[in-house]
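Chain by chain, the residues:
There are 2 protein chains.
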Amino acid sequence: MDVLKGAVDFVQNKTKVEVNQRDIEKILSALNSTNHFWEVIFLSQKPFAVVRETINYLISIDFVKTDESGNLILTEKGKEFISANNIPVVKNYTCSCCEGRGIVFSEIKDAYEKFKEIVKTRPDAIVEYDQGYVTEETAYSRIALMIKKGDLVGKRLIVFGDDDLVSIAAALTKLPKEVIVLEIDKRLVDFINQAAKEHNLNLKAIEYDFRNKLPDDFVKSFDTFTIDPPETIEALDLCFTRTISSLKGAGCAGYFGLTNIEASLSKWYEFQKLLLNKFNAVITDIIENFNHYVNWNYLLPSLESSFAFVNVQPKLNWYTSSMYRIELVKDVDIKNEYINCELYIDKEAILYKEN
Amino acid sequence: MDVLKGAVDFVQNKTKVEVNQRDIEKILSALNSTNHFWEVIFLSQKPFAVVRETINYLISIDFVKTDESGNLILTEKGKEFISANNIPVVKNYTCSCCEGRGIVFSEIKDAYEKFKEIVKTRPDAIVEYDQGYVTEETAYSRIALMIKKGDLVGKRLIVFGDDDLVSIAAALTKLPKEVIVLEIDKRLVDFINQAAKEHNLNLKAIEYDFRNKLPDDFVKSFDTFTIDPPETIEALDLCFTRTISSLKGAGCAGYFGLTNIEASLSKWYEFQKLLLNKFNAVITDIIENFNHYVNWNYLLPSLESSFAFVNVQPKLNWYTSSMYRIELVKDVDIKNEYINCELYIDKEAILYKEN
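Listed in order, the protein sequences are those of chains G and U.
So in the working numbering the end of the first sequence lands on 1226, straight run, no missing numbers.
So in the working numbering the end of the second sequence lands on 1226, straight run, no missing numbers.
Treat the hints as calculated values from the structure; they're not laboratory data.
Please note that a few of the clues may not be correct.
One copy or any two copies: either way a pair holds, since identical chains are not told apart in the list.
As the list claims (entries may be wrong) - Computed cross-link-like contacts, DSSO-like style, restricted to lysine-lysine with a CA-CA straight-line distance of at most 30 Å:
(1) K987 with K1186
(2) K1084 with K987
(3) K887 with K1149
(4) K1218 with K1068
(5) K987 with K1048
(6) K1119 with K1186
(7) K1119 with K1068
(8) K1119 with K950
(9) K948 with K1045
(10) K887 with K980
(11) K1091 with K1144
(12) K887 with K1144
(13) K936 with K1068
(14) K987 with K1019
(15) K1119 with K885
(16) K1020 with K948
(17) K1206 with K876
(18) K991 with K1091
(19) K1144 with K1019
(20) K1091 with K950
(21) K948 with K1057
(22) K1091 with K1020
(23) K1201 with K962
(24) K1144 with K1206
(25) K1045 with K876
(26) K1218 with K1149
(27) K1045 with K1019
(28) K1091 with K962
(29) K936 with K885
Produce the entire structure from the sequences given, and follow the hints as far as they go.
Listed below in C-alpha cells is the structure:
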C-alpha cells in the first residue's frame, strides 16, 4: 500500500493536518462514487484541505484526472488500485424520511411554516463573521431535538451567534420560557428584534463579541444554550468558556454543530478532551450530518484556489456538521473576563490561505 | 422547588448514584406521559435504580400512587406540581421510518432475511453472563452503519462477546474480509461456528474470557471491533483494554452500545475520559436509542424487588442503548496480560441488590 503511505506523507506535509491511511482510503472511496469535488468532501467527511491535497497527489501519480468542467475522473490506474484494494463505492444508507437525523418535527409544523415566511428576508451570510446558515429543516430538527431531550419546554434558552435564526425558530413554538441571543452582527440583532416585535415573541437579541466578558446577569442563568462555533481550538475554547458559563449548573445542556470539514478527528479529539477535562461536560449525542448548510456566495471568490476542480460551483448542500449535545455533570467555575483570540482561521479552515 | 431537592437527596442517599434536579424533572415528565414503570425508564433515560427510588419518593410524598396492577398514577398533588412547574408530556419526535437511527438497511435486505431464519434457534439469554440481545433490526442497522462509515467492506472485524449474533449478521453480507468472535459462552461459540459451517461464512468463534490476555495473533490485527460491554467502570476499562488492543492503529474504529439505564451520565463522563485520555480514541458518533434489546426471561425473577410497580411484566422493548462509534486517532501501547476484575455488578447495575 505504498500509494496510501505516499499520499499520507504528501498531504500531511502540505496541510500540516494529521492524516492516516484510512483518511486516504475514504477519499478514494468517495472518488469511486462521484466526480464532483464538493460531493467528495461530503461523502468522505474529511477536512477540505486534506481532500484537496489528496486529489492533488492522486492527479500527480495519474490515479485521477480532471476534465474541462473540473470533474474528477478515475484513470485506469486509479480504478485498478481501487479494485485491487477492495475500496467500495459509497452506498446510501441514510434514512430519507428524516434526512438521517432520526427525528421529525411534525409536532411543531405550524411554527415551521411561519418561520419559512419570516426568514425570506434574512440578511446574507458574510465572510467577516464566518457566516453560513443551516436549512430551515435543520433549524426545526434542532428545536425538535431540544424538546425531545427536555431542554426547551419552560426553559431559558441562550443562542450564541445566530445567523441560523434558530432563536426565532425556538421562540415561534412558544415553548421556551425566554430566548436570548448574543450576536456580533448588528444586521442580525436588528432582524431578530424586529421579528420578535412583529410576531410578539419572548425573544431578545443583544450585540455581543465573544471576546468580551459575558453580561453579569447572564452568568449561571440559562438552562440550555445553542451555538455554531468557529472551529479553531482557540475559538472553541473561548466559545465554551462563554456558553458553559451561561448555564445554571449540573443537568443543563448545550447544542452545537461541529464539522469534519474544518475540523479533523485529531481536532475533535483535542476538543472533546477540553469539554470533559476543562468544562465538566459529558457528550450525550453526536448525530452525523444533522446540520445541513445552505451554500454561501462568498465561498469560491474567497478561496482564490489555483485548482480547477476546486473552482467548480457546488451542485449540492455539501457542507454539513454533526449535531452535538452535551450536559454539565457538575458545576464548574469559570472566570468571566475579556479574552483576546483569533476566532476563525487555523490550518484546517477552508479559508486558510495556501502559504 | 423543594420537592426536586428533596427527591435528589433521597435518591442519592438510597442509590449512591449522582443525581440532579433535571433527572427528577425528566422522570416526572415521563410519569406525565405513561403509567407503566418500564416505559418511564425508557422515556426518562435515567438509571433503573434512580427511577425506582424517585418513584418510591414520589409515592411517599403523595405525588404518585399505584393501582392493583402496579400502574403508576399521578395524584392531584402530583399533577398540580407538574402543571405549576411547566413539566411537559414527552412527545414522540422519533422518525418512524428508521426507528430514530437515521439509517436504513435496504441494501443488505437479503442477508437480513437469511439472518432472521438462522437466529430462530439461538440460545436463550442467561443471567450468568449478563446477556440480553438486540432485535434483528438493530443488528442490521449496526451493520449498515459500519458499511456507511467505511469500516466493514474488505475489513477484518472482531466481535467481543456475541449474544447479539452480530457476527453472523456481518458475515452473511459477504462484505468483510473476515469475522472473528471472542465469546465466553460455549453455547454461543458452538451456535456461531455451526452457522458459519452451514452457510459457508468467513466467520470463526473462539471461547474466551475477557480477563485473559488477548491471543497474541489478535493484537493490532483488526480494522474494526464491536462489543456490547457490561457497564461497570472496571468492566469498561477491561473491555476497552482488549478491544483497542485488537485494532491495527490510527483510523481503525469500534462500535458499542452504552445505556443510560445501567450507566448514569456521571459514569458516561468517567468512561469518556477513559476513552480519550487512556485509549487515544475520539468519539465520532453517539446515536440515542439505536440499540433495542429484546425482553429477557430472567429479569423479574432476578430483581427480587419489593416494589409492586417494578414487578410488572414489561409491555415494550424498554431496554435500549446509545450506539457509540469511536476511532483511534493515534496508536496506543497497551500491556497484553491477565486482568482480574468484577465484570457485571456495580451500584448502577439493574441486578444490584438493595442492601
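Exercise. Where does the structure disagree with the numbered hints, that is, which hint numbers, in rising order?
Worked result: 2, 4, 6, 10, 13, 18 and 21
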